[in-house]
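2 protein chains.
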Amino acid sequence: MKAVIITIGDELLIGQTIDTNSSWIGAELSKLGFDVHCIVSVHDRREDILSTLQEVLGKADVALITGGLGPTSDDITKPTLCEFFNTKLVLNNEVLKMIEEMMTRRNIPMNENNRKQAEVPESCRVIKNARGTAPGMWFEKDGTIFISMPGVPYEMKYMMTEYVLPGLKQFFTSQIIIHKNIMVYGISESNLAEILTDFEKGLPKNIKLAYLPSLGVIKLRLTGTDVNYGELQKDINNKVSELYEAIPQFIYGEDEDALEKCVGDLLRSKKQTVCSAESCTGGNIASLITGIPGCSDYFKGSVVAYANSAKSGILGIPKELISRHGAVSMEVVSKMAENTRKIFGTDYCIATSGIAGPGGGTDTKPVGLAWLAVSSRTGVIAEQIISGTDRHTNIQRFSFAALNLLRKQILNS
Amino acid sequence: MKAVIITIGDELLIGQTIDTNSSWIGAELSKLGFDVHCIVSVHDRREDILSTLQEVLGKADVALITGGLGPTSDDITKPTLCEFFNTKLVLNNEVLKMIEEMMTRRNIPMNENNRKQAEVPESCRVIKNARGTAPGMWFEKDGTIFISMPGVPYEMKYMMTEYVLPGLKQFFTSQIIIHKNIMVYGISESNLAEILTDFEKGLPKNIKLAYLPSLGVIKLRLTGTDVNYGELQKDINNKVSELYEAIPQFIYGEDEDALEKCVGDLLRSKKQTVCSAESCTGGNIASLITGIPGCSDYFKGSVVAYANSAKSGILGIPKELISRHGAVSMEVVSKMAENTRKIFGTDYCIATSGIAGPGGGTDTKPVGLAWLAVSSRTGVIAEQIISGTDRHTNIQRFSFAALNLLRKQILNS
Numbered sequence: 001m002k003a004v005i006i007t008i009g010d011e012l013l014i015g016q017t018i019d020t021n022s023s024w025i026g027a028e029l030s031k032l033g034f035d036v037h038c039i040v041s042v043h044d045r046r047e048d049i050l051s052t053l054q055e056v057l058g059k060a061d062v063a064l065i066t067g068g069l070g071p072t073s074d075d076i077t078k079p080t081l082c083e084f085f086n087t088k089l090v091l092n093n094e095v096l097k098m099i100e101e102m103m104t105r106r107n108i109p110m111n112e113n114n115r116k117q118a119e120v121p122e123s124c125r126v127i128k129n130a131r132g133t134a135p136g137m138w139f140e141k142d143g144t145i146f147i148s149m150p151g152v153p154y155e156m157k158y159m160m161t162e163y164v165l166p167g168l169k170q171f172f173t174s175q176i177i178i179h180k181n182i183m184v185y186g187i188s189e190s191n192l193a194e195i196l197t198d199f200e201k202g203l204p205k206n207i208k209l210a211y212l213p214s215l216g217v218i219k220l221r222l223t224g225t226d227v228n229y230g231e232l233q234k235d236i237n238n239k240v241s242e243l244y245e246a247i248p249q250f251i252y253g254e255d256e257d258a259l260e261k262c263v264g265d266l267l268r269s270k271k272q273t274v275c276s277a278e279s280c281t282g283g284n285i286a287s288l289i290t291g292i293p294g295c296s297d298y299f300k301g302s303v304v305a306y307a308n309s310a311k312s313g314i315l316g317i318p319k320e321l322i323s324r325h326g327a328v329s330m331e332v333v334s335k336m337a338e339n340t341r342k343i344f345g346t347d348y349c350i351a352t353s354g355i356a357g358p359g360g361g362t363d364t365k366p367v368g369l370a371w372l373a374v375s376s377r378t379g380v381i382a383e384q385i386i387s388g389t390d391r392h393t394n395i396q397r398f399s400f401a402a403l404n405l406l407r408k409q410i411l412n413s
Numbered sequence: 001m002k003a004v005i006i007t008i009g010d011e012l013l014i015g016q017t018i019d020t021n022s023s024w025i026g027a028e029l030s031k032l033g034f035d036v037h038c039i040v041s042v043h044d045r046r047e048d049i050l051s052t053l054q055e056v057l058g059k060a061d062v063a064l065i066t067g068g069l070g071p072t073s074d075d076i077t078k079p080t081l082c083e084f085f086n087t088k089l090v091l092n093n094e095v096l097k098m099i100e101e102m103m104t105r106r107n108i109p110m111n112e113n114n115r116k117q118a119e120v121p122e123s124c125r126v127i128k129n130a131r132g133t134a135p136g137m138w139f140e141k142d143g144t145i146f147i148s149m150p151g152v153p154y155e156m157k158y159m160m161t162e163y164v165l166p167g168l169k170q171f172f173t174s175q176i177i178i179h180k181n182i183m184v185y186g187i188s189e190s191n192l193a194e195i196l197t198d199f200e201k202g203l204p205k206n207i208k209l210a211y212l213p214s215l216g217v218i219k220l221r222l223t224g225t226d227v228n229y230g231e232l233q234k235d236i237n238n239k240v241s242e243l244y245e246a247i248p249q250f251i252y253g254e255d256e257d258a259l260e261k262c263v264g265d266l267l268r269s270k271k272q273t274v275c276s277a278e279s280c281t282g283g284n285i286a287s288l289i290t291g292i293p294g295c296s297d298y299f300k301g302s303v304v305a306y307a308n309s310a311k312s313g314i315l316g317i318p319k320e321l322i323s324r325h326g327a328v329s330m331e332v333v334s335k336m337a338e339n340t341r342k343i344f345g346t347d348y349c350i351a352t353s354g355i356a357g358p359g360g361g362t363d364t365k366p367v368g369l370a371w372l373a374v375s376s377r378t379g380v381i382a383e384q385i386i387s388g389t390d391r392h393t394n395i396q397r398f399s400f401a402a403l404n405l406l407r408k409q410i411l412n413s
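Protein chains in written order, with the numbering used here: chain S, 1 to 413; chain G, 1 to 413.
Hints in this document: simulated from the structure, not taken from any laboratory.
Take these hints with a grain of salt, some might be off.
The list cannot tell twin chains apart, which means a pair is met if one copy fits it or any two copies do.
What the hints assert, rightly or not - Below 25 Å or equal to it, Euclidean Cα-Cα: the simulated DMTMM-like pairs (lysine to aspartate or glutamate) are:
#1 Lys2 to Asp265
#2 Lys97 to Glu122
#3 Lys97 to Glu194
#4 Lys342 to Glu320
#5 Lys180 to Asp10
#6 Lys342 to Glu331
#7 Lys270 to Glu320
Only chain S is shown next, with the shape it has when bound in the complex (with noise of 0.2 Å):
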């Protein structure tokens, strides 16, 4: 089964939007078993658009296709497709009441414009978007599927996984595909694949592992096909098995865990709770925590203590350990865990002080080193970990750390 991407819009081409659509779209239909065969991107111009669209037809099982359907007039997609498909567009009172209702609840007065995106060509088999106001489009002509959907990441994610894969998945039978991922931190990939070489040359055929590594996360995904599935099932889940036997202290999660869903679940099967206390991180562990629905389950809140003057005076840190063994220091990390822990009367705080850069870096503290620390009833434990000079790397793998630090320290207790 052969897919195609195409992605319209005139910021993909002059480099202010880095295409991150695609690279999704590919692993999903990838998953499903599809040869995505190429990736375009073209400019919102009703000639580029045709002849993509023309090049396409017939030769590829499905087109799937993002951008160009916003209510502005630089969005041309839509006419585009009713030229394309010998169509003309209707007023869709059903989307109509849709993004009525979406304006009504976002206190947004409707105009023209919004009325406009209501307009679907007449002959396609319209897709709902329950997360913006552009409906998706699903055409069929000379044997191929052409899927038009929003650009916005988050809208076409939601089509995408409500509609269109499982449409796909309805309208193909495919070979069977299982994949199954593992998630694993605290190893670098290539010392994993040392350890894994046996595991490795021990796979059948008909399974093959990837090493999907980032920011110290590393995705390890078996890929198994077959045309029995109960057979490949079996099969995956002793693979599975010998991967919990080779590498158990490494293995946080599975599926698409991320590890602080997976330290929130942990926490709370054991009733216990969390806070932090955060420097160099600026936040990003709190926000991580709190990206994860449910999480006032287990989550208190915590200090952003940035400058050094709300270190001392709201985590109650001696000003002078902070002049002794400067902010970024076993001694201060450690201090910041246990005060923070008794403010907001938790099991554990997790705190962190250290340089993420591009500037504050000295020789003996260089840019990208940080102290991370998790205080509980029984004590605190430091880690120093060193990143590079990217600011944004830095706090995620700091902020990434400093889960796993207490990850460790929940399983230890």
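Please build the complex by placing chain G on the supplied structure of chain S, with the hints as guidance.
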């Protein structure tokens, strides 16, 4: 002048890697005045690469190609280019010397694969790679320049900056293209389009306007083309002034500026400071602010008071105020802003309290509702916002709205 970007690699199509090269190359080519006609990503497959090259031949002025130049067997770009340009691989001693020196420096023994990397197509101009082992290649055929570079961004960018962009500049006397972004917040895309109807009608043919919305922020992009740089710059500047006259209250910045950066710059210019008291945004506002290097000039810290016990215990919100009005209320969020500003001793404090969802909503206080407040030395202002049902979107929208409330307050003070 027409350019095409071709990125080669299985990892791009199955979603393992987001193609950031195209975006970077697109931006650089646009600055030189090229119209990047399309971006195509294809597999490491001989026939796919050949057909893509064939399609471009004689039609584009330049094709920039990245990927598939590594030392392993799945990298087939080089032999495929030889086939396309009807030439053969020859050992280049200068390249070999560079590779040997690099391997010695990195303390890695040379092997047959590394030696192979010094083989280049006989008919190409070699582009040296000071950052890696794979050389770049410059071909010309039927009026099209083809340039092949490694896919590793750090190596590709070096080659582009040092050789390719200066080379292209010399080769083509280019038309001038100027892009200018105006960053807007606080109005919906459709309402903005309505206000700007006359502005759009008044644009000359060589200047275009695009709306690029994302979570409440709208990037308005003016793109002008001309042969005279000075004239075009003047015309664009005039149009920018017209925008400032038409929607002064909604423009927060220019170019790629993030809202949190512009607010930070404002604070720095006024030598003022800020802190935050976050409930529903869970540290995201602090995280956004501390994502900006140098934020310690104006940001002191944050209290993420997620649990009500933290609101009363740490921030001193009277329990009876919470029980009378609920945590999500004008009264509580105003008090949070007021008290936290005093705790940190800052000029301003941003506070948020709302229901991010998916759970926790009621009939009167549905998911997506939040109260925002900003306190200053002169008092507190509070505002209600209604967003949607997606947790992450809500948190981001609440955060931007709160930052914008702060921005307005700073400007009004």
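For each hint, the structure was consulted:
1. Lys2 to Asp265: Result: close neither inside a copy nor across copies, 39 Å intra and 50 Å inter.
2. Lys97 to Glu122: Cα proximity of Lys97 and Glu122: one copy only (18 Å, versus 65 Å across).
3. Lys97 to Glu194: Intra 58 Å, inter 21 Å, cutoff 25 Å: inter-copy only.
4. Lys342 to Glu320: For Lys342 and Glu320, both the intra-copy (21 Å) and inter-copy (24 Å) Cα distances are at most 25 Å.
5. Lys180 to Asp10: between (35 Å within a copy, 14 Å between copies)
6. Lys342 to Glu331: Answer is within; shortest intra-copy Cα gap is 17 Å, inter-copy 28 Å.
7. Lys270 to Glu320: Neither, since 37 Å and 31 Å both go past 25 Å.
When held up to the earlier numbered hints, the structure conflicts with 1 and 7 and fits the remainder.
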